[in-house]
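Q: Throw the hints in and build the complete structure from the sequences for me.
Quick note, the sequences are listed as chains A and B, same order.
The numbering of the first sequence is UniProt numbering, which starts it at 1 and goes up by one.
The numbering of the second sequence is UniProt numbering, which starts it at 1 and goes up by one.
Some hints here could point you the wrong way.
Since copy identity is lost for identical chains, a pair holds within one copy or between any two.
Within a straight-line C-alpha distance of at most 25 Å, the following computed DMTMM-like cross-link-like pairs (lysine to aspartate or glutamate) qualify [what the hints assert, rightly or not]: (1) Lys12 x Asp312; (2) Lys12 x Asp129; (3) Lys12 x Asp295; (4) Lys15 x Asp3; (5) Lys243 x Glu164; (6) Lys100 x Asp324; (7) Lys243 x Asp324; (8) Lys15 x Asp30; (9) Lys15 x Glu168; (10) Lys15 x Glu169; (11) Lys136 x Asp30; (12) Lys136 x Glu31; (13) Lys15 x Asp300; (14) Lys243 x Glu314; (15) Lys100 x Glu128; (16) Lys15 x Asp101; (17) Lys243 x Glu31; (18) Lys136 x Asp295; (19) Lys15 x Glu128; (20) Lys12 x Glu164.
The hints are simulated quantities; they were obtained by calculation from the structure and are not laboratory data.
2 protein chains.
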Amino acid sequence: MTDIAAIEAAAKRLKGVARRTPLLSSPFLDEIAGRRVFVKAECLQHTGSFKFRGAWSAVSALAPEVRARGVLAYSSGNHAQGVAMAAARHGVASVIIMPKDAPALKIANTRALGGEVVLYDRAGENREDIGQRIAKERGLTLIRPYDEPMVIAGQGTCGLEIAEQAAEEGIGQADVLVCCGGGGLTSGIALALEARAPGLRVRPAEPAGFDDTARSLAAGAPQRNPRMEGSLCDAIVTPEPGKITFPILQRLAGPGLVVSDAQALHAMALAWQRLKIVLEPGGAVALAAALFLPDQVQGDTVICIASGGNVDVEVFNRALALLDG
Amino acid sequence: MTDIAAIEAAAKRLKGVARRTPLLSSPFLDEIAGRRVFVKAECLQHTGSFKFRGAWSAVSALAPEVRARGVLAYSSGNHAQGVAMAAARHGVASVIIMPKDAPALKIANTRALGGEVVLYDRAGENREDIGQRIAKERGLTLIRPYDEPMVIAGQGTCGLEIAEQAAEEGIGQADVLVCCGGGGLTSGIALALEARAPGLRVRPAEPAGFDDTARSLAAGAPQRNPRMEGSLCDAIVTPEPGKITFPILQRLAGPGLVVSDAQALHAMALAWQRLKIVLEPGGAVALAAALFLPDQVQGDTVICIASGGNVDVEVFNRALALLDG
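A: Spelled out as structure tokens, the structure:
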């Protein structure tokens, strides 16, 4: 069970290891959104996404003799890189189960960071089955991407920083939009804010067609996505909300926000132009919601998480092509 | 005269206004350079470059009745945006003298930030003459881009942060490579490090063909650039080293480093891929020197300033095209 004490403990393990990412802003983005927009730039975290927080939290929490046998993860890419780096910096092996259609850069990076990559077919195979089989065969510890208390605690450290940074900026009330796949980051931040900044309300942001969390929150019960492939926002496509994460979101999160791939690309371009940060589509959906769904956001200030920046050149060029001039 | 006391005073005026920019790194960049590489991401500063520090320092140091009449600046773009935003946030007018061939984004941004833009011909006209004439006509205070003690003090606050961040990382000795035009940032950082981190040595980085500071340091006397146009690194092309800044660099800086436009573009691409930050060519020359001139750098660790990120899409696409895959 993840609670504020577990998040504070994770923050101690992450101190001096994870980066305290900055909270960025631009008057040009404020003008588009019609309110103040703050962007928590987790793309600047080690390995280019917030996932390093949860991975380090989980690997560092293992008993030394368990950790020494190595770890295993299944991931569309960002969790993979986080676990590979966290394992390598602990001096232990990692096996990473990745979909065949993950961006080439993410697969190459995972290998370069020391991970042994095993590819699978996103449409026809179940990554959890594969991961559990290999973990059992080799004595590895499975580090789940979101339904894992120590991972949620690690992602929650991002929420502790937001609470501090919001206080520094004088923000007492705001919606906090979080790019949401399985809900590890969203639920971790929600728990941290509940304890440290109760005026801030978490809201999941998702791509259209893969909005299982928004629909689940509206229905009051978990809903599945009809398919798993076809989104530019590959980093945050999961079959359904997590079993551990969803009850946390039911208790603490506001309604979900849903943006198109085109809106995510436009947000990537504006983050490039106005904030000088690099986002991947799945890492830009929260900013896209802040900019392009202003009527669905409350208050004079909005905070959004820019959760990752591991994107191929081709997709990034499509985003930049949307800018005038 | 700028000294550590003036820099500390500027840091107090900038507190809660300027961002404390992060010190980033990537194992992939370490491998290219053959040593640890840390990047001070000043592209994440307000207005997309370090120039906001010096501009705020200078505008905030003016007597209120002087400031109320407004300020004037001449700039290829980044100083312009810094002065325009600093003036606007103080509620006073700004006039900005910019070259006709400055990137369109910089001109548009300067206007949007509240600056009145006056364009001039970089090859045929002298921006200092134009600036001083208009300042006199309208009673404005000229904020020089680098030969101005309060501006140097403001840029020096970046050096105070580097001293703190290097200590946090356990870095006692390193070359600190700084993208160098007129030398305001380079000399300000040099003064801060002299007082707060004497094991860190500043070294200017410049584009080939516009390496007036490197040649001036080698010759022991100011040398002019043969021309002013034709560099991709427009942000850091100045006629010659500053009258105030150069003696500081003579006393404190190591030898200059000189990179090609192609190397600057390649460094931009790697910063995009590995650090998730956006750099302009002139803001990437220090990183380019760290990555591509390893034999000219000393020690097992190098720190470089990524000084700005205000770049047009066309130039950025040229950089991304250099990446494999």
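Q: One pair to classify: Lys136 and Asp30, alpha carbons no more than 25 Å apart. Within, between, both, or neither?
A: Classified as neither; 51 Å inside a copy, 35 Å across copies.
Q: Could you figure out if Lys15 and Asp300 sit no more than 25 Å apart (CA to CA) within one copy, between two copies, both or neither?
A: Answer is between: at 24 Å across copies they meet the 25 Å cutoff, but 32 Å inside does not.
Q: Using 25 Å as the alpha carbon limit, work out where Lys243 and Glu31 are close: within a copy, between copies, both or neither.
A: For Lys243 and Glu31, the Cα distance exceeds 25 Å both inside one copy (39 Å) and across copies (41 Å).
Q: Up to 25 Å between alpha-carbons, please classify Lys12 paired with Glu164: within, between, both or neither.
A: both (16 Å within a copy, 20 Å between copies)
Q: Up to 25 Å between alpha-carbons, please classify Lys100 paired with Glu128: within, between, both or neither.
A: within (15 Å within a copy, 59 Å between copies)
Q: Please work out whether the CA atoms of Lys15 and Glu128 approach to 25 Å or closer within one copy, between two copies, in both situations, or in neither?
A: neither (31 Å within a copy, 49 Å between copies)
Q: My question is about Lys136 and Glu31: at a cut-off of 25 Å on alpha-carbon distance, are they close within one copy, between copies, both, or neither?
A: neither (53 Å within a copy, 35 Å between copies)
Q: First find the shortest C-alpha distance between Lys243 and Glu164 inside one copy, then the shortest across copies, and answer within, between, both or neither for a cut-off of 25 Å.
A: neither (29 Å within a copy, 43 Å between copies)
Q: Between copies, within a copy, both or neither: which fits Lys243 and Asp324 at Cα up to 25 Å?
A: Intra 44 Å, inter 40 Å, cutoff 25 Å: neither.
Q: Which holds for Lys15 with Glu168 at a C-alpha limit of 25 Å: within a copy, between copies, both or neither?
A: both (20 Å within a copy, 11 Å between copies)
Q: Check Lys15 against Asp101 for me: Cα-Cα at most 25 Å, and say if that holds within a copy, between copies, both or neither.
A: neither (34 Å within a copy, 46 Å between copies)
Q: I want to check one pair: Lys12 and Asp312. Are their C-alpha atoms no more than 25 Å apart within a copy, between two copies, both, or neither?
A: Neither, since 34 Å and 41 Å both go past 25 Å.
Checked against the numbered hints above, the structure violates hints 1, 2, 3, 5, 7, 11, 12, 14, 16, 17, 18, 19; every other hint is satisfied.
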